[in-house]
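Visitor: These protein sequences, in sequence, are chains U and S. The first sequence: position 60 = 57 (our numbering), numbered continuously. The second sequence: position 321 = 1252 (our numbering), numbered continuously.
Take the hints with a grain of salt, since some may be wrong.
For the chain S half of the interface with chain U, some residues (derived, Cβ under 8 Å), not all of them [as the list claims (entries may be wrong)]: (1) Lys997; (2) Pro998; (3) Ser1164; (4) Asp1194; (5) Ser1197; (6) Asn1308; (7) Ser1317; (8) Ser1319; (9) Leu1329; (10) Leu1335.
Honestly, the hints are just simulated from the structure, not real lab data. For glycine and all other residues, C-beta sits at the position ideal for the given N, C-alpha and C.
For reference, the chains in residue letters:
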Amino acid sequence: MKAFEDIGGVVLANACGPCIGQWKREDVPKGTRNSIVTSYNRNFAMRNDGNPETHAFVASPEMVTVLAIAGRLTFDPRKDTLIGADGKPFKFDEPVGDELPQRFDPGENTFQAPPEDSSAVKVEVSPTSNRLQLLTPFPAWEQRDLTDMPVLIKAKGKCTTDHISMAGPWLKFRGHLDNISNNMLIGAVNAENDKTNLVKNQFTGAYGGVPDTARDYKQRGVGWVVIGDSNYGEGSSREHAALCPRHLGCRAVITRSFARIHETNLKKQGVLPLTFADPADYDRIKPDARLSLGLSNFKPGQQLTLTVTNPAEAPFQVTLNHTFNAGQIEWFKAGSALNYMKSQAK
Amino acid sequence: MPRSRTISRLSGVYRREHRVLALECGTDLCDIRVLLVCSWCACTLSDRLNRPLTLGEKILYGHLDKPKEQDIKRGESYLNLRPDRVAMQDATAQMAVLQFISSGLPRTAVPTTIHCDHLIAAKAGGSQDLAVASSENKEVYDFLASAGAKYGMGFWRPGSGIIHQIILENYAFPGGLMIGTDSHTPNAGGLGMCAIGVGGADAVDVMANLPWELKAPNYIGVNLTGKLNGWASPKDVILKLAGLLTVKGGTGFIVEYFGPGVDSISCTGMATICNMGAEIGATTSVFPYNKRMHDYLVATGRSGIAREADLFGNLLRSDANASYDKVVNIDLSTLEPHLNGPFTPDLAHPISEFGKALHANGWPEELSVGLIGSCTNSSYEDMSRSASIARQALDHGLKVMCCLFISLSLSLSHSSLSLSHSLCCCCCWWWWQHRPRASLRSLLARSKSVQPSPRTVR
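With these hints in hand, go ahead and build the complete structure from the sequences.
Guide: Shown next, in the form of structure tokens:
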């Protein structure tokens, strides 16, 4: 560690930090084009520092170190040289290091084992907390087709769980569903205007934030739909990306394809993840379309039919696939997997 | 008790033909480790399927809820599985625990741990910072600690380190199946475990003793030949693979590594590769048991598990002629260091071609910040290799041309790395957000003035 500090490195805390957006950058103003290189695993736009102009590259830690010393990305340590303090050029030797330390130092014990008898332990959640909120079960399926649902947003291109439920400052609301829902889909790009967090309210015609518009629909008692592109929900496993849309009234997410974990998470929360049988149908749905979904024939392996009504156009039908099995359909009917588990325990 | 029920269930299923071992663990970190060697599938199930199995198939099918009735068709069936363990980080644990509470059950059905790492911000500090952090996150930590105690979950306090590293050092074992509420859970594949990232709702299922459902994955085999050397590192294996398969290429697949090149990669290096398998969408990634894993188990105080795994080494790898849906070959001897990006991890550039791509696209060449560490890459090996580069720069009187941040992930590794100041004190991001505006330069100055903590200086 000393070697890093001696060359001007800064050692940070023992946690995820900038890797999940916990990084308040001040060296580069937001919006400035710049390059960073990390040995992390993600480099989606704005992941590390929230600046869309930060070009983040991923490499091995030894490469990051040598590039930081060279100060430029195009330095190839295998053949390029740097000028030392003595004015002479030198080439780096290959990195060497031990796989394992001589011994692991257990350090401070930071583990708390659960007691055998926990009957006296009290778990409390304050009703006024803005960080924790006990859950209210989602309503069960109303046992009829879902009709005349507005598209809340037609997301264009990459829409990862970071776009759906941004990390960083929002992490503190993880345990408070209503509060964290204010970040819902604010990173997704609206296909209508190429903007983030700006969608048209189909009832008022006014443009507003995605969560605000969803809340308005919810208040009107209207369920809504998200249209997505390929590999929708890639990235992390955070179920808030499914919980928040559900909480604000989402009934279905219809995409060209899903990332596995997110697809399952949507099912667990009682939202329908559906895919276009013909991916080209994505282009036929306008961002302000109304959608009706027939569910009388909702069975494993059976396609569903969506009726699309674009503004000022005749309705047309689109065929959708789903991956629900019989058990998962029960989750949908009960309103969520948890509702179903509860109903089975009774 | 649910835990003993789990063991007896396993024993009931497996005892006839194989050994299940409950190893008493010498530390108080966990009560019992179950080393489950899935020879069961090698016997009964391969009779049924009548074909050689991949390692991932052995592990998954060895954890089936109803192995005799389960429909098994890759890419089609939904497997009902019984994972050995659940791990949750503090961010996702909140919602999962809230959900578990609303299920009304008294205790978790399988060993479960909560790890406080995601709510901690990037700053080094002393005991003062810990106090600030604890008070800012107090409500959440208190909730998780008390709910953990109430419902039988182990609780790793803030400052313990990143979840995946703790799991690798304490809980992962060859042939095991675990789920974690974080997409980088597959990190434990570096120790031959099938570790799968899930949502909190899945964790709730497993904690509630319901079988956990997973669509039977397909399998990508990565045949590693040659030997890792020079500037190439384990990271470059996965950066190269990400370029070949893209961020979607692993969706629905378990990525299994095999071949003569495997032994040239350290256990923590294998963990790095498995960790980043999440970036190509893989269900999980797994390496076959080998000497490197043996050494790592011994070094982390688990020689008992190493001994047992040695006995079953032939089962902790794929069968000869096991069929993969896709096979990728990577020659480690000619593997170049890679720079992937920007904006997506599958835009892979071997370093020899990077300059061309940079100029063609007009990406900024000057580097503003370098960051090393994180749960993906802060093993002892990563740090010592990087430090060897830093030392060379020092020897030539050079410093970094841009900011270089080092974020580590673990107490054990930390303590072994001889830190000059306390890293194990945490600081919540909230403080970071609201601290007085300071330039990086002053931050640098401040971090250097932090006093050494007695615990970490040896």
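Visitor: List, from low to high, the hint numbers that the structure doesn't satisfy.
Guide: Per hint list: 1, 2, 4 violated.
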